[in-house]
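Participant: The lines below spell out each chain.
There are 2 protein chains.
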Amino acid sequence: MEEIDKLLEDFKKRDRRALSRLITIIENNFYKIQKKFYLLLDGTQKSYIIGVTGAPGAGKSSLINLLISAFRKEGKSVGVIAVDPTSHRTGGAFLGDRIRMQSHALDKDVFIRSMGSREGKGGLSLSTPLAVRLLDAYGFDIIMVETVGIGQEDIEIFKLSDTGLLVVTPESGDDIQLIKAGNLEEADIIVINKADREGADRLYKEFKRELGNVKNSYGFSPIIVKVSTVKKEGISELIEAIDIHKRFMEDNRVFEKKRRERNLSLFYLLMDYTIRKTLREEGIILKDIESGNIDPFTGVKKAMNVICE
Amino acid sequence: MEEIDKLLEDFKKRDRRALSRLITIIENNFYKIQKKFYLLLDGTQKSYIIGVTGAPGAGKSSLINLLISAFRKEGKSVGVIAVDPTSHRTGGAFLGDRIRMQSHALDKDVFIRSMGSREGKGGLSLSTPLAVRLLDAYGFDIIMVETVGIGQEDIEIFKLSDTGLLVVTPESGDDIQLIKAGNLEEADIIVINKADREGADRLYKEFKRELGNVKNSYGFSPIIVKVSTVKKEGISELIEAIDIHKRFMEDNRVFEKKRRERNLSLFYLLMDYTIRKTLREEGIILKDIESGNIDPFTGVKKAMNVICE
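Same order as they appear, the protein sequences are chains Y and L.
Counting from 38, one number per residue, gives the positions in the first sequence under our numbering.
Counting from 38, one number per residue, gives the positions in the second sequence under our numbering.
To be clear, the hints were calculated from the coordinates, so they are not data collected in a lab.
Misleading hints may appear alongside valid ones.
Said to hold, decoys possible - Just a few of them, taken from the derived set where beta-carbon distance is under 10 Å, the chain L residues facing chain Y:
(1) Lys73
(2) Tyr85
(3) Arg150
(4) Met286
(5) Leu301
(6) Arg313
(7) Ile321
(8) Ile326
(9) Pro333
(10) Gly336
(11) Lys338
(12) Ala340
(13) Ile344
To be verified - Computed far set for chain Y versus chain L, every beta-carbon distance over 10 Å:
(14) Glu39
(15) Ile41
(16) Phe48
(17) Glu64
(18) Lys69
(19) Ser106
(20) Ile321
Claimed, not checked - Pair by pair, the computed Cβ-Cβ distance ranges are:
(21) Y:Ile321 to L:Tyr68: 19 to 29 Å
(22) Y:Lys268 to L:Lys314: 53 to 63 Å
(23) Y:Arg53 to L:Arg284: 28 to 38 Å
(24) Y:Asp233 to L:Glu274: 16 to 26 Å
(25) L:Ser140 to Y:Glu208: 42 to 52 Å
(26) L:Lys314 to Y:Gly256: 41 to 51 Å
(27) L:Val267 to Y:Gly256: 36 to 46 Å
(28) Y:Lys196 to L:Lys314: 18 to 28 Å
(29) Y:Lys242 to L:Arg284: 51 to 61 Å
(30) Y:Val343 to L:Leu76: 17 to 27 Å
Computed from a predicted structure; not experimentally measured.
The beta carbon of each residue, even a glycine, is placed where N, CA and C say it ideally should be.
Generate coordinates for the entire structure from the input sequences, incorporating the hints supplied.
Facilitator: In structure tokens, the structure reads:
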């Protein structure tokens with residue numbers, strides 16, 4: 038327990054090792070710091086959060102790498118959480134991507150960390166927002182969260198972000214399909230990466246046509262930006278698009294609304310975590326519910342007794 | 038309250054109006070019967086549950102219509118819950134589909150009911166499994182649950198089912214993409230509907246190739262069946278495929294495992310519902326968490342006090 042107190046103290050002194058260690062604890066043994074975690078939060082939530090999602094191979098990490106450089110030139114500090122898709126059958130160059138970003142490894146105002154994505158409740162869902170809050174408390178101006186965009190996770194990452202980027206490429210012919218399926222209407226900016234390749238213009242036009250009249254749940258029409266991370270082109274346009282979106286949110290009080298939703302969402306995730314943990318430790322009730330010895334309704338009554346003991 | 042007691046009594050006498058009325062209460066005012074709902078469950082869970090999902094226009098309702106006829110010929114009673122996609126931008130002939138199934142309207146051993154699909158927790162997630170448990174308690178041999186398959190809901194419906202059917206058509210060129218995206222690996226049977234149309238054989242081969250070596254989380258390789266609901270062809274093959282899957286589950290004790298998971302899942306949904314309802318009624322804590330007046334961790338402590346009062 039003393040070790041934890043020391044960690045919290047070091048964190049408040051902006052010690053990077055303490056930050057890194059706390060993220061490891063969030064990932065693996067969150068219960069160890071749950072009761073003291075609130076001491077780390079100042080409630081101000083000053084960081085600007087950018088979510089970056091897209092299919093494997095879309096070039097998310099290269100893009101983040103260039104965004105880091107751009108933000109650093111503006112004098113802003115940057116924290117990055119990259120959620121590893123351990124639960125998906127994607128394979129590929131994920132670790133390589135991480136290493137690529139290490140060109141910023143010696144910059145003390147850049148912090149990059151990958152986290153495992155565990156399936157199910159309390160895995161990705163809880164640890165990612167907790168890590169983001171931790172980076173916020175540490176004081177980064179910008180926080181970027183990268184995740185492989187498959188289905189539902191896109192939406193989670195957009196909810197977690199102030200500005201949500203969807204990265205697509207001319208090669209990924211299925212992206213328009215995904216948009217039609219309705220999963221991606223909440224992206225704030227569509228980044229067409231590998232814009233030097235064949236088909237980029239066609240894709241741009243297709244997105245323009247599909248999304249031209251679409252407004253998301255708070256009235257914003259996604260901005261479409263062409264980028265080439267290889268040729269380092271389009272990054273300033275992307276930064277400008279992020280600014281446009283930020284101003285829209287400020288002008289329409291969306292910023293505030295998003296923060297409120299995130300507070301509530303984190304609260305419910307914590308409630309869920311606490312309750313599941315308490316019941317797992319008790320053990321018997323869950324077994325009886327699983328086996329059908331007691332019905333789920335009676336289970337709720339009994340569970341309430343355990344939780345309220 | 039007396040009205041509820043009368044309803045429960047009528048339900049136990051297998052009164053259809055009571056069944057119908059109870060589903061309406063589940064949809065709109067579940068809190069009214071929450072405390073007495075356990076009285077309806079006998080814990081045996083005898084019904085066989087078939088989930089049917091697929092894109093709009095794939096012919097799910099026509100298929101269910103033919104399956105009802107086939108099961109009725111075997112002397113089995115059938116209950117159907119069709120989840121309406123009110124939260125999606127799909128549009129289309131949903132109500133028309135409902136009416137089409139009314140060819141069984143006069144059969145007292147067939148019960149068909151559509152339910153709204155509300156977004157968010159406690160909407161679709163809670164009311165659908167509750168309705169299924171109710172149909173089970175009523176004593177239907179077969180329960181079918183139909184839903185429009187977009188993203189995450191597919192998986193939900195497969196978890197809720199003993200056998201999960203994914204309905205595709207030669208026209209829907211994106212289905213292979215969806216499978217590649219990893220969303221549909223948990224389907225037990227892929228039904229290629231409109232098999233009389235061009236491209237059905239190509240689609241069949243494509244699925245065979247993609248899914249030939251795929252086993253789902255409990256070791257079953259999806260069966261692919263061609264059906265034409267218009268020509269009423271392939272239905273007996275589909276019934277046989279359902280039987281094969283059922284036998285596989287019995288032989289490998291998956292049946293039992295699925296039921297255990299469903300019990301636990303319904304319990305957690307009920308816990309969540311109860312907690313959210315209690316906190317919404319209290320009101321102040323949620324507001325303070327949303328606004329950031331209290332951090333989510335302090336919120337959990339305060340919420341526990343309210344719940345445990």
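Participant: Could you check that no beta carbon of chain L comes within 10 Å of the beta carbon of isoleucine 41 of chain Y?
Facilitator: Holds, since 14 Å exceeds 10 Å.
Participant: Would you check whether isoleucine 321 of chain L satisfies its interface hint, that is, whether its CB is within less than 10 Å of any CB in chain Y?
Facilitator: violated, 14 Å
Participant: Under the criterion of a CB-CB separation shorter than 10 Å, is isoleucine 344 of chain L in contact with chain Y as hinted?
Facilitator: Cβ of isoleucine 344 of chain L sits 7 Å from chain Y, so the hint holds.
Participant: Given a hint of 17 to 27 Å, does the C-beta separation of valine 343 of chain Y and leucine 76 of chain L actually sit inside it?
Facilitator: With Cβ atoms ~23 Å apart, the hint holds.
Participant: Does the Cβ pair arginine 53 of chain Y, arginine 284 of chain L satisfy 28 to 38 Å?
Facilitator: Since the Cβ atoms of arginine 53 of chain Y and arginine 284 of chain L sit about 58 Å apart, the hinted range of 28 to 38 Å is violated.
Participant: With 41 to 51 Å as the target window, see if lysine 314 of chain L and glycine 256 of chain Y comply at their CB atoms.
Facilitator: violated, 31 Å
Participant: Are proline 333 of chain L and chain Y close enough, Cβ to Cβ, to be under 10 Å, as the hint says?
Facilitator: Cβ of proline 333 of chain L sits 4 Å from chain Y, so the hint holds.
Participant: Checking a non-interface call: every C-beta of chain L should be farther than 10 Å from the C-beta of serine 106 of chain Y. Is that right?
Facilitator: The claim stands: serine 106 of chain Y keeps its Cβ more than 10 Å from every Cβ of chain L (closest is about 32 Å).
Participant: Please test the hint of 16 to 26 Å on the beta carbon pair from aspartate 233 of chain Y and glutamate 274 of chain L.
Facilitator: For aspartate 233 of chain Y and glutamate 274 of chain L the Cβ distance comes to about 51 Å; the hint is violated.
Participant: Measuring Cβ to Cβ, find out whether glutamate 64 of chain Y lies farther than 10 Å from everything in chain L.
Facilitator: holds, 18 Å
Participant: May I ask you to check that phenylalanine 48 of chain Y keeps its beta-carbon over 10 Å from the closest beta-carbon of chain L?
Facilitator: holds, 15 Å
Participant: Classify the hint on arginine 313 of chain L as holds or violated, based on whether any CB of chain Y lies nearer than 10 Å to its CB.
Facilitator: holds, 8 Å
Of the numbered hints given earlier, the model fails hints 2, 3, 4, 7, 23, 24 and 26; all others are met.
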